[in-house]
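Here the sequence shown stands for residues 601 to 755, numbered as in my numbering.
Hints in this document: simulated from the structure, not taken from any laboratory.
Be a bit skeptical, because a hint or two may be false.
[What the hints assert, rightly or not] With a straight-line Cα cutoff of 25 Å, these simulated DMTMM-like cross-link-like pairs (lysine to aspartate or glutamate) come out:
#1 K703 to D607
#2 K703 to E670
#3 K667 to D622
#4 K649 to D616
#5 K649 to D622
#6 K650 to D607
#7 K620 to E670
#8 K620 to E686
#9 K666 to D690
#10 K666 to E686
#11 K650 to D616
#12 K649 to D690
#13 K703 to D645
#14 K649 to D607
#15 K666 to D645
#16 K650 to D622
#17 K703 to D692
#18 K703 to E686
#19 K667 to D690
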Amino acid sequence: MSLTHTDQNGHAHMVDVSAKTDSARVARASGRVRAAPATLALICDNGLKKGDVLAVARIAAIQAAKKCWELIPLCHQIPLSGVTVEFELDHDNGTIHIQAQCKTTAPTGVEMEALTAVSVGVVSIFVIFGAVLNAGEAGQGFMNVAGAAAGRLRG
């Protein structure tokens with residue numbers, strides 16, 4: 601098995617995708633933030649002094665997907681045709697679920713953009729409600745990806 605982002609001498613390099621044809625690609629990633637019930641109630645009631653937590657986190661996540669190529673070394677700059685970020689508050693389990701979906705028509709996939717969107721969305725939530733968060737837990741996980749190279753969903 602060889603690594604795709606190293607050359608024959610072991611030096612890091614960006615993969616050349618110029619010979620690949622453009623194809624429609626979609627990637628989804630998800631994450632979660634655990635919080636106390638009182639914190640979730642503040643988020644639902646828009647009761648935090650810093651404003652609407654989920655609106656800010658959504659914008660931050662979308663911006664992160666758009667800037668992924670500047671944040672992640674060796675990541676290609678690709679034209680995103682769509683980025684959606686959705687949140688679901690699970691009061692029973694004290695969890696905020698975040699899911700990002702990125703779409704493009706390009707010679708390479710959008711997995712890194714979806715993962716970066718979720719990562720920045722999670723961090724934004726922590727930053728905004730950090731003042732009321734005594735103890736919390738964040739996590740993220742790759743869900744699935746679809747694209748011409750994959751040909752199917754996997755996860």
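Would you pick out the hints that fail for this structure and give their numbers low to high? 1, 4, 5, 6, 8, 9, 11, 13, 14, 15, 16, 17, 19
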